[in-house]
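Undergrad: Chain by chain, the residues:
Number of protein chains: 2
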Amino acid sequence: MSRARTKARHGEACGKPGDFPTREAELEKHIAGCRGVSFPVAVVLPAGGSGERTGLSTPKQFCTFLNRPLISYTIQTFERVPWIQSIVVVVAKESFGLMMDIINRFHHTKVLVVPGGSTRHRSIFNGVRALSQREDGTVLVKPKVVIIHDAVRPFVEEDFLLKIAVAAEEQGAAGATRPLVSTVIASTSDGYLDHSLERTKYKASEMPQGFLYDLIYEAYQSCSELDFEFGTECLHLVLRYCGTSAKLIEGPPTLWKVTYKRDLAAAESIVKETLSQSACVVTGGSVRAAELAGELQKNMGVLGMEVEVISDLVADNVKSLSSKWNFILVSVNIHSLSEVEKTLTVLEDVDRALLHPVVIIWVHLESPEDDSSVSEGTSGKRAAMMDLALGAKLRNALVYGIQIHHSKEAQLWERSVEKLVQILSALIRDRNPALTGQLLQA
Amino acid sequence: MSRARTKARHGEACGKPGDFPTREAELEKHIAGCRGVSFPVAVVLPAGGSGERTGLSTPKQFCTFLNRPLISYTIQTFERVPWIQSIVVVVAKESFGLMMDIINRFHHTKVLVVPGGSTRHRSIFNGVRALSQREDGTVLVKPKVVIIHDAVRPFVEEDFLLKIAVAAEEQGAAGATRPLVSTVIASTSDGYLDHSLERTKYKASEMPQGFLYDLIYEAYQSCSELDFEFGTECLHLVLRYCGTSAKLIEGPPTLWKVTYKRDLAAAESIVKETLSQSACVVTGGSVRAAELAGELQKNMGVLGMEVEVISDLVADNVKSLSSKWNFILVSVNIHSLSEVEKTLTVLEDVDRALLHPVVIIWVHLESPEDDSSVSEGTSGKRAAMMDLALGAKLRNALVYGIQIHHSKEAQLWERSVEKLVQILSALIRDRNPALTGQLLQA
Numbered sequence: 001m002s003r004a005r006t007k008a009r010h011g012e013a014c015g016k017p018g019d020f021p022t023r024e025a026e027l028e029k030h031i032a033g034c035r036g037v038s039f040p041v042a043v044v045l046p047a048g049g050s051g052e053r054t055g056l057s058t059p060k061q062f063c064t065f066l067n068r069p070l071i072s073y074t075i076q077t078f079e080r081v082p083w084i085q086s087i088v089v090v091v092a093k094e095s096f097g098l099m100m101d102i103i104n105r106f107h108h109t110k111v112l113v114v115p116g117g118s119t120r121h122r123s124i125f126n127g128v129r130a131l132s133q134r135e136d137g138t139v140l141v142k143p144k145v146v147i148i149h150d151a152v153r154p155f156v157e158e159d160f161l162l163k164i165a166v167a168a169e170e171q172g173a174a175g176a177t178r179p180l181v182s183t184v185i186a187s188t189s190d191g192y193l194d195h196s197l198e199r200t201k202y203k204a205s206e207m208p209q210g211f212l213y214d215l216i217y218e219a220y221q222s223c224s225e226l227d228f229e230f231g232t233e234c235l236h237l238v239l240r241y242c243g244t245s246a247k248l249i250e251g252p253p254t255l256w257k258v259t260y261k262r263d264l265a266a267a268e269s270i271v272k273e274t275l276s277q278s279a280c281v282v283t284g285g286s287v288r289a290a291e292l293a294g295e296l297q298k299n300m301g302v303l304g305m306e307v308e309v310i311s312d313l314v315a316d317n318v319k320s321l322s323s324k325w326n327f328i329l330v331s332v333n334i335h336s337l338s339e340v341e342k343t344l345t346v347l348e349d350v351d352r353a354l355l356h357p358v359v360i361i362w363v364h365l366e367s368p369e370d371d372s373s374v375s376e377g378t379s380g381k382r383a384a385m386m387d388l389a390l391g392a393k394l395r396n397a398l399v400y401g402i403q404i405h406h407s408k409e410a411q412l413w414e415r416s417v418e419k420l421v422q423i424l425s426a427l428i429r430d431r432n433p434a435l436t437g438q439l440l441q442a
Numbered sequence: 001m002s003r004a005r006t007k008a009r010h011g012e013a014c015g016k017p018g019d020f021p022t023r024e025a026e027l028e029k030h031i032a033g034c035r036g037v038s039f040p041v042a043v044v045l046p047a048g049g050s051g052e053r054t055g056l057s058t059p060k061q062f063c064t065f066l067n068r069p070l071i072s073y074t075i076q077t078f079e080r081v082p083w084i085q086s087i088v089v090v091v092a093k094e095s096f097g098l099m100m101d102i103i104n105r106f107h108h109t110k111v112l113v114v115p116g117g118s119t120r121h122r123s124i125f126n127g128v129r130a131l132s133q134r135e136d137g138t139v140l141v142k143p144k145v146v147i148i149h150d151a152v153r154p155f156v157e158e159d160f161l162l163k164i165a166v167a168a169e170e171q172g173a174a175g176a177t178r179p180l181v182s183t184v185i186a187s188t189s190d191g192y193l194d195h196s197l198e199r200t201k202y203k204a205s206e207m208p209q210g211f212l213y214d215l216i217y218e219a220y221q222s223c224s225e226l227d228f229e230f231g232t233e234c235l236h237l238v239l240r241y242c243g244t245s246a247k248l249i250e251g252p253p254t255l256w257k258v259t260y261k262r263d264l265a266a267a268e269s270i271v272k273e274t275l276s277q278s279a280c281v282v283t284g285g286s287v288r289a290a291e292l293a294g295e296l297q298k299n300m301g302v303l304g305m306e307v308e309v310i311s312d313l314v315a316d317n318v319k320s321l322s323s324k325w326n327f328i329l330v331s332v333n334i335h336s337l338s339e340v341e342k343t344l345t346v347l348e349d350v351d352r353a354l355l356h357p358v359v360i361i362w363v364h365l366e367s368p369e370d371d372s373s374v375s376e377g378t379s380g381k382r383a384a385m386m387d388l389a390l391g392a393k394l395r396n397a398l399v400y401g402i403q404i405h406h407s408k409e410a411q412l413w414e415r416s417v418e419k420l421v422q423i424l425s426a427l428i429r430d431r432n433p434a435l436t437g438q439l440l441q442a
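Quick note, the sequences are listed as chains Z and G, same order.
The numbering of the first sequence is the UniProt record's numbering, which starts it at 1 and goes up by one.
The numbering of the second sequence is the UniProt record's numbering, which starts it at 1 and goes up by one.
Looking at chain Z on its own, in the form it has when it is part of the complex (with noise of 0.2 angstroms):
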C-alpha cells in the first residue's frame, strides 16, 4: 500500500505511461471520456523535424524501437482516447510515404496526413487548417478545441489531456509545464554571465498545449512572418494577438522531448518496463506444471510481476491473450511445441501482436526419470524450436525454450526454479530478437 502511494507521487515509476490498454481499460476510458468532454476535439502533431541532435541519420520520430517508430507510439497514444476525433500529422514532404507506410502497417485509423511548412509555426498552422479545409475542398467536422503536441513525446496519459482540452475549453488556452531542471542564465554578447534567473519564478514550456480552435486560428492569421519564421511558443501568439493568457498546468516528467540518441533508449526502457508488468502461465492442466506455475507467481511476483495461472488458452481464458504480452507455456511432454503454434494462432486470430512483440516463453519440465542428454530428441527439439521461432518472429512474437530439469532433491529444485525464475525475467524484459529459438537450461 505504502509503496503504491510512493510510486504514485513520483509519477513516472507508477508504470502508467504506455500502459497499453485492454479491452475492458478501453470500455473504462470510453466511458471516464465521455464524462469528461462534451463537445470534439482534435490533435496536430508537427512531426518534420530533423532530428539532427539524435546524432542519427534517421529523423527521431522514424526511429525505430521494438519493431516500431516512435511516431506510432505517439500516434497511439492519443488513438486509444476515445474522445479524440481526429489527428493532423505534419510531415515534411519527403517523409509523406513512409508516415502512410507506418499509418497502414499499424493499422492507425484516426490520422490524416498534411504536408509540413519551412518553420515549426507554419507546419501547426497548415495542420490547423486541414481541420477545417481540406485541400480537395471537404470539410471535417470542425473541432472545438485542438491539442497540439510532439510527434517526438510518445508518453501522455489520457488524464492529463483532459485537464489540458477542458482547461482550453474553458480558458482559450492551456499548456503544460515542467518545473527548471537547470538555472536559467543571461549570457553577455562576448560570453560571460549577465544574469541567472531566479529558478522558482519560471516554468518550461512543454507539450500538450490545447486551444479554443477559432482562437489559434485566429492568431496565426494575424502573427508576423517574423513570427512564422523564428518563433516557437503557440502560448506566446495566442497572448499576444488574442490577448487570451494560457492557463498552466504542471505535467508529469514523461512529457518530456525524445531529442539524443539516448532518450530513445529511455523510451524503450519505459515501453519495456510496461510491458513486463504481468505474465501468463498456462499449465495445460497438469499436476506437475501447476506446481512449478504456483511456485513462479510466487517468485516473479516478488520481483514485481504479476503472474495469472490458467489451465489452457481455450474459452474463457481467451481473455488472457488481449490484456497480456507474455505467455509461459510449461510443458512436461516433449512433444508439446504444438501448444506454442496453438498459442501463436490464437494470438494471431485477435491480431496481438501488432503494437507489440509478444513474448511466449516455452518451459519444458523434465522429470526425475529423463535423461535428456542422452535422449535423440533433444537435437531434434532445437531444430524444430528454431523454425518456430524463425516463422513467430515474422509475425511479431517472439519464442523461447528453456528446460528445467525436476530434481527430487529439495535444494537443487529451488535453486533451478531460481535459475528459471532469472531467465524468464530477463528474456521478457529484454524481448532480445537475436535470442529466439533457443532452448536455455535453468
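To be clear, the hints were calculated from the coordinates, so they are not data collected in a lab.
Note that this is a predicted model, so its numbers are computed, not measured.
Errors might be hidden in some of the hints.
Note that identical chains are pooled: a pair holds if it fits in a single copy or bridges any two copies.
What the hints assert, rightly or not - Calculated lysine to aspartate or glutamate pairs in the DMTMM-like style (CA-CA distance at most 20 angstroms, straight line):
| hint | residue 1 | residue 2 |
| --- | --- | --- |
| 1 | 201 | 190 |
| 2 | 201 | 229 |
| 3 | 408 | 268 |
| 4 | 393 | 349 |
| 5 | 342 | 273 |
| 6 | 144 | 341 |
Fit chain G to the supplied structure of chain Z, relying on the hints for placement.
TA: Just chain G now, with coordinates in the frame of chain Z:
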C-alpha cells in the same frame, strides 16, 4: 570518412563519453594534460541528493547499473584525468559508510569524503573548505582551481574539463551551458502565462563549473544565510559577491543530469554502447577457427564493431586484455573450456573486470563430421559451462557459450555465421547476467 565527420558533429553519438581509457590512451592524455594545465586542480562532487525525482528508494547517485553505482562512474571520469589531483565527494552523513565501501570496492584513490550540509551550497562549501583545511587540522596542497560538478552527471570528457579549468584560471570563473530545450515562461500568481522568454537570449546553466579557489572561497564566506538556504547557482555567488562574471562555455549534451529513472536507462545504454565498440577474437592457432574469425571480423565490422583477431593471449597479445571488454574464444576442440579458464585467470591478474563486466564468449565450432546431438559430451559440456560461468560472474566476468555447426553446404554455413554474429552482438551489447552459462545454438 564522411560518417566520422557526421558523428563528430553530433557530439553524443561520437562514442567519446565513457570512452574508457586504455593504457596508451592514458599516457597520451597524461601528456596532453601536462601540456594543458600547469596549476593544481581539485574537484568537488556534491552527492547528497535524496533522489526523490527518480521514483526510486535509493538516491540516484547510488543507483547501480552494470554492477556499479552511478557515483563511481562519475568519480572514475575525474580520476582518470592525470592533472586532477584530488576529488572531494560530499555526502549526507547517513551515506558515509556506503560511500567508503564504494571507494574501497572500486579502488578509487584520489577521493576524500566529507559530510554534507543541509543545502546544496552548504554542502559545496564543506567540500571547498576541506581542500584547504581538514577537520583534524592537517592541510592539503591547496588547489589553484576547483571544479564543481554533480555526482549524477557521469559523462564529462577530459577536453571539456580542460577548457573549464583553463578559463577558470584566466577569468576567475567558468561554467558549462547548454541551449534551452524548452521555452522558459513566467507564470502569474494564479497560474496563467505572464510572458515567455526569447529562447535564443538565454541558456541553461549546467555543470561542470570552475573557479579560482580563493574566489569561490571568498564568495561563500561573504554570502548571506538566504543564499545558503535557497540559492543553487555558484556562478551567481561569484558575480554578486566578488564581481566576477563567469566565462560561459557550451558543453556537449552528455553533460545532462541523471534525474529520472529513465535517465538511468539512458546512462546504462551509453556505457553499454561504449563497451561494445570492439572485441577480440582468439583463434587458438587453428586454421578453421581463423577462417571463422575472419568472417566475424567482416560481418561485425559492418555492424560497427571493431574486431581484432589474435591467435592466443600470451606475450605481446596480452595487451589486448587491457584495451578490450569482449573476448570471443573460437574453439574446434570440445575440451577447450580450459581456454576460458585461462582467459579468466589472465583477466583477473590485470584486474580487468574491476570497473566494467568483461564478456567472454566461447564459440564451439563443430566439424561437419560431429554429431554432437547424440554425443555423450553435450550434457557434461553444459554442466561444466554453467559451473564455470557461475564462478566467473562473481568476478564480474560474463561467460556464454555458442555452438556452431560447420556445414559443408555454403548457404547453410552462411546462415549459421549470420546467426552467430547476431547472437554475439546481442550478448556483448546486453551484458545480461541472467543468461551466463548458457550454451546457445547458431
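Undergrad: Reference check for the pair residue 342 and residue 273, CA-CA at most 20 angstroms: within, between, both, or neither?
TA: Neither way: residue 342 and residue 273 sit 27 angstroms apart in one copy and 38 angstroms across, limit 20 angstroms.
Undergrad: At most 20 angstroms between CA atoms: does that hold for residue 408 and residue 268 within a copy, between copies, both, or neither?
TA: neither (41 angstroms within a copy, 40 angstroms between copies)
Undergrad: Pop the pair residue 144 and residue 341 into one bin, within, between, both or neither, using alpha-carbon distances up to 20 angstroms.
TA: neither (49 angstroms within a copy, 70 angstroms between copies)
Undergrad: Between the shortest in-copy and the shortest cross-copy C-alpha distance, which are at most 20 angstroms for residue 201 and residue 229: within, between, both, or neither?
TA: Between copies, since 17 angstroms is at most 20 angstroms while 28 angstroms is not.
Undergrad: How would you label the pair residue 393, residue 349 (within, between, both, or neither) given a Cα cut-off of 20 angstroms?
TA: Within one copy only: 16 angstroms inside a chain, 43 angstroms across chains, cut-off 20 angstroms.
Undergrad: Given a CA cutoff of 20 angstroms, do residue 201 and residue 190 count as a within-copy pair, a between-copy pair, both, or neither?
TA: The answer is between: 13 angstroms across copies meets 20 angstroms, while 27 angstroms in one copy does not.
Checked against the numbered hints listed earlier, the structure breaks hints 3, 5, 6; every other hint is satisfied.
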